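**Student:** Combine the two chains into a complex, taking the hints into account.
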Amino acid sequence: MSIRFEDVTYVYNPKTPEPVEALHNISLEIEEGSFTALIGRTGCGKSTLVQHLNALLHPTSGTVFIDTFVNASQKKKRDKKLKPLREKVGLVFQFPEYQLFEETIEKDVAFGPKNFGDSDEVALEKAHEALQLVGLDESFYKRSPFEISGGEKRRVALAGVLAMKPKYLVVDEPTAGLDPLGAKKLMELFTKIHEAGSTIILVTHDMDLVLGYCTDVFVLDHGKVALKGKPNDLFGQDVSRFSLQTPAIFDFAFRLEKAGYKIDKNKLNRVEDLAKAIVEGRR
Amino acid sequence: MTSIALGKYVPYDTWVHRLDARTKLFATILLMVAVFLPMPTWSMTLLFQGALLVIISILLACTKTPLSWILSSLKMLWIMVIFLLVVYIVVPKSENVLGIAWSVNGWTVYWDSFAEAARIVARLVMMIMIGTALTSSTKPLDLTYALEWYFTPLKVIHFPAAEVAMTISIALRFIPTLLEDTMRVMRAQASRGVDFQHGGLFRRIAGLTSLIIPLFVSSLTRSQELGDAMECRCYDPREKRTRYRLFHFRAADFVIAFFAAAILVGVAVTSGLHLDFFSMMGVTTL
Chain D
-2 MSIRFEDVTY
8 VYNPKTPEPV
18 EALHNISLEI
28 EEGSFTALIG
38 RTGCGKSTLV
48 QHLNALLHPT
58 SGTVFIDTFV
68 NASQKKKRDK
78 KLKPLREKVG
88 LVFQFPEYQL
98 FEETIEKDVA
108 FGPKNFGDSD
118 EVALEKAHEA
128 LQLVGLDESF
138 YKRSPFEISG
148 GEKRRVALAG
158 VLAMKPKYLV
168 VDEPTAGLDP
178 LGAKKLMELF
188 TKIHEAGSTI
198 ILVTHDMDLV
208 LGYCTDVFVL
218 DHGKVALKGK
228 PNDLFGQDVS
238 RFSLQTPAIF
248 DFAFRLEKAG
258 YKIDKNKLNR
268 VEDLAKAIVE
278 GRR
Chain H
29 MTSIALGKYV
39 PYDTWVHRLD
49 ARTKLFATIL
59 LMVAVFLPMP
69 TWSMTLLFQG
79 ALLVIISILL
89 ACTKTPLSWI
99 LSSLKMLWIM
109 VIFLLVVYIV
119 VPKSENVLGI
129 AWSVNGWTVY
139 WDSFAEAARI
149 VARLVMMIMI
159 GTALTSSTKP
169 LDLTYALEWY
179 FTPLKVIHFP
189 AAEVAMTISI
199 ALRFIPTLLE
209 DTMRVMRAQA
219 SRGVDFQHGG
229 LFRRIAGLTS
239 LIIPLFVSSL
249 TRSQELGDAM
259 ECRCYDPREK
269 RTRYRLFHFR
279 AADFVIAFFA
289 AAILVGVAVT
299 SGLHLDFFSM
309 MGVTTL
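Protein chains in written order, with this note's numbering: chain D, -2 to 280; chain H, 29 to 314.
Only chain H is shown next, with the shape it has when bound in the complex (with noise of 0.2 Å):
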């Protein structure tokens, strides 16, 4: 199970980590906003993309996580590149200005194609590393906390948003738990002859079938238990609820929320009024 490195919290203590959740939810909001924001030449957006990619991987170097992590999510991306590639080459489009790079028969195909999947790829990479940033440096349960705050103004249109919050903790909550009873009942499966990685397609469901069966089984077990006894100590999602951990802006929180909604604004309005600054300092540029 080691490979579902992906969102996983990562126990350090960097400044990273210390950031309330709530700023770093914003935050990453903010940075993926930008990172998805069209600019009007492609130097341009090798600019500020390249820009972006050095801010994220700062944040990413502070929270320690494991380079590996990234580099093994971007082996999954590698169909995506494949996809977009053949995609691109295959449908024509309309505005090219980097050129042609080669034309068989009638069938040309311009260098944009290339720089548009690029620039897709290099998007969803950021995204992951923002997401890894996020989850790797935050707890679960902070995380749903922050979003119930985000949540709360939401009330006054009715939006449940207590319960909302609640039912995504339970669920995160029981990530963990489910996947100690998928390895307990794969060992015990194991020990009576499965053989989870091998043999034909028949006998490896047959083999599936001993693992999922119990797993259901415990886990409606499980949410039964959980619900008596939170009905045992009267829980009522309409009541008002009061917290244990409570979470205080500091002054960090405020400089790092700045800085996001600087780069935002930034990008934004570069990308609003198509700024070009290459031209604007005299030099032509794709």
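Chain D with its partners taken away, still in its complex shape (with noise of 0.2 Å):
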């Protein structure tokens, strides 16, 4: 079981002067259980590719596989109940907090829950799971999502998709304008989920959460697969044509080395393991 693209072209505005074409002949497979990120210049086509993920697009040519859910273009034959495909695939879209309507906390985040046949018990329950999960605790149930702040909004409106436990978790740029420490416990939150046994897909222009928490990694580049593979491998070349930064650990790490320094960069993640490197280094 995983994700497939096969061939997937998609175009915006179609039989318009300006047709766009965003995604061009991808194939690509995401596996199940890996913590794959996407990544590419702005524009590249991520946030078109993830909508095609819970066939909120359906692809102009060429075929999504999820699992055993086909989506297709429309003159093809694809599958057409999205619910069981939408409570499999949760997606966090970009700055999600504008997403949140309900009176109270609570209630929000059982909406999807909720939408997919929980009853009200049973969907409060998930909630709250969530909530607590997202590390808001009892004194936020009952308030309105309008009058917290804006990196606790986003925590309800990621609430809002954990409650309908997704087997595939897609975030498109979770830590866009969250401080560095929110950002870190927000990666922290994904991992633990990751390690659940969901599959984390997250889209990001924030490489150091690449090299730090993915398995797994693709390159989009004018809507085509530039390259793909393990973040470590990725690093290790000039990723500056892609409009991407190096990783700091790995710049430090090429410094290092050019000063004379041996440093085994495949165990090369978060900052510990180049501590560790550099002492190994000298001995």
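These are computed hints drawn from the structure, not numbers from a lab. Fair warning: this is a prediction, and the values are worked out from it, not measured in the lab. Each hint should be verified, as a subset may be incorrect.
Computed cross-link-like contacts, DSSO-like style, restricted to lysine-lysine with a CA-CA straight-line distance of at most 27 Å [stated by the list, open to error]:
{"hint": "1", "chain 1": "D", "residue 1": "K78", "chain 2": "D", "residue 2": "K182"}
{"hint": "2", "chain 1": "D", "residue 1": "K12", "chain 2": "H", "residue 2": "K167"}
{"hint": "3", "chain 1": "H", "residue 1": "K103", "chain 2": "D", "residue 2": "K12"}
{"hint": "4", "chain 1": "H", "residue 1": "K103", "chain 2": "D", "residue 2": "K72"}
{"hint": "5", "chain 1": "D", "residue 1": "K78", "chain 2": "D", "residue 2": "K162"}
{"hint": "6", "chain 1": "D", "residue 1": "K12", "chain 2": "H", "residue 2": "K268"}
{"hint": "7", "chain 1": "D", "residue 1": "K164", "chain 2": "D", "residue 2": "K80"}
{"hint": "8", "chain 1": "H", "residue 1": "K183", "chain 2": "D", "residue 2": "K12"}
{"hint": "9", "chain 1": "D", "residue 1": "K181", "chain 2": "D", "residue 2": "K262"}
{"hint": "10", "chain 1": "D", "residue 1": "K181", "chain 2": "D", "residue 2": "K273"}
{"hint": "11", "chain 1": "D", "residue 1": "K111", "chain 2": "D", "residue 2": "K164"}
To give an idea of the chain D side of the interface with chain H (calculated C-beta under 10 Å), a few residues [what the hints assert, rightly or not]:
{"hint": "12", "residue": "E15"}
{"hint": "13", "residue": "N51"}
{"hint": "14", "residue": "G157"}
Even for Gly, the Cβ is constructed at its ideal location relative to N, Cα and C.
**Tutor:** Structure representation (structure tokens):
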């Protein structure tokens, strides 16, 4: 079971004077149980690709397989029942705080599970669980989602998706605009969810996060898959041609190598790894 | 959101697009008036409406507007057509020159009723065509500038021309933004299992709430932000403003304005003097 793109092309505004091809013959496979990063410059098609994962968009041509669900163009045979898919693939958009609408936080988080057929009690239970997971305690349950801070709103919105217990969790730039500690906490939350068995797909511009948390990475460029592989292999080469930045740790390691150190970049993911590598390099 | 084709700007580069917005607005209004002027006889109506339809069609074709847009707006007119027909058939008219269509048990229906309904529909269609030709070839902002230009003389009687123009242009500016917001919230809620198309009434109303409230919140935030940004740049509606984009009338503008005026004058004179070309030529028509 996995998510598989086969020759997927997507065109915005077809049949107008200005059609825009956002995806061009994309073929890729996101394995179940992975923590996959999608990276690339602004406008390279990441967000478009992500919207194919729960059939918010249908390919102009080609097919997307999500486990057994088939997402294809209108002309071809495709699955019509979207609800089971949307329960399975949880999509957290950029700046999800804009989607809040209920009177109380717990009701807003319970909205998703209720849509998928849970009773009020079960939905609320799931909501409380999800809110605990994102670090919001009981004192928040009955408050209005419009009176809390921006970072808290984001966590409520995230809980709204987590409450559906998706098998695949897709997060589009979750750390944008968060303070560094908040971003770190959020990433640790994703790691926790990943370790509990979910597949995480992360769209980001922060290469340190890719190196620190992800198991696989796809680089998109101009609507095509430019590179794929393990983060440690990817950052061993020059990524500036995709308008990407080398992670700080790798940058540091490169400079140390220039100065004569020997550093094993295969296990270099966090600052602690770098420290260890430096110590080993001295011996 | 592709259904909102009416009134959408299409970025081609035709001679109609290059015309000054003020000219286009002027010509549009004149043509619309011409379309609505009554003619003395049915054959004259047919002649003039036909001629106007040809002129407007040529104009529309020049803007390269897809024909499907017009057709889709005609689809919406169907209910109107049926309604008009019913009204005209039920309500008897004093003047009937086209003869009896049918007469059952003292209920007489004249062909005039049908002709009347057809005339109104033709007028509406032409209105839509002219309007589409204008909006598809003119950027909304240019249109506001044109409006402001026409309002300027009204400043003498303290009409807030600049403010009205600013309000209109802000409203126009935010239509695509709001549409984008709508799409964004719709996608987010669809991911949370909202089905906007199917399901019972209650479910759908709940779905709509989840769309409308975030939209209200975000548009209020946006207007607050815009107000702050404008204040930061010292916006004062009472100040005299200069403009980055300047409009210039060109030869083509004068030609078009002249043509539009000529058409209106011709139609108005014929209408006002009850001229009947056919009887002048010695042909008897209805």
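**Student:** Does each hint fit the structure? Answer for all of them.
**Tutor:** A quick look at each hint next to the structure:
Proposed proximity of D/K78 and D/K182 is contradicted: the alpha carbons are some 36 Å apart, above 27 Å. Proximity of D/K12 to H/K167 is assessed by CA-CA distance (about 20 Å); at most 27 Å being required, the pair is judged to hold. Of the supplied pair hints, the one linking H/K103 and D/K12 holds, its CA atoms being roughly 21 Å apart against a limit of 27 Å. Among the hinted pairs, H/K103 with D/K72 is consistent with the structure: their alpha-carbon atoms are about 25 Å apart, no more than 27 Å.
Between the alpha carbons of D/K78 and D/K162 the distance comes to roughly 19 Å, so the proposed pair stays at or under 27 Å and holds. For the given pair, D/K12 sits about 44 Å from H/K268 by alpha-carbon distance, which is inconsistent with the 27 Å threshold. Among the hinted pairs, D/K164 with D/K80 is consistent with the structure: their alpha-carbon atoms are about 14 Å apart, no more than 27 Å. Taken as a hint, the H/K183 and D/K12 pair is broken in the structure, with Cα atoms around 45 Å apart against an allowance of 27 Å.
In summary, the hint linking D/K181 to D/K262 is supported, as the alpha carbons are separated by about 22 Å, within the 27 Å threshold. A threshold of 27 Å between alpha carbons decides the hint, and for D/K181 with D/K273 the separation of about 21 Å falls inside it, so the pair holds. Proximity of D/K111 to D/K164 is assessed by CA-CA distance (about 17 Å); at most 27 Å being required, the pair is judged to hold. Hint status for D/E15: holds, given a least beta-carbon distance of 7 Å to chain H, under 10 Å.
The beta carbon of D/N51 comes within 6 Å of a beta carbon in chain H, closer than 10 Å, and the hint placing it at the interface holds. For D/G157, the suggested interface contact is upheld, since its CB lies about 6 Å from the closest CB of chain H, less than 10 Å.
Hint violations for this structure: numbers 1, 6, 8, all remaining hints satisfied.
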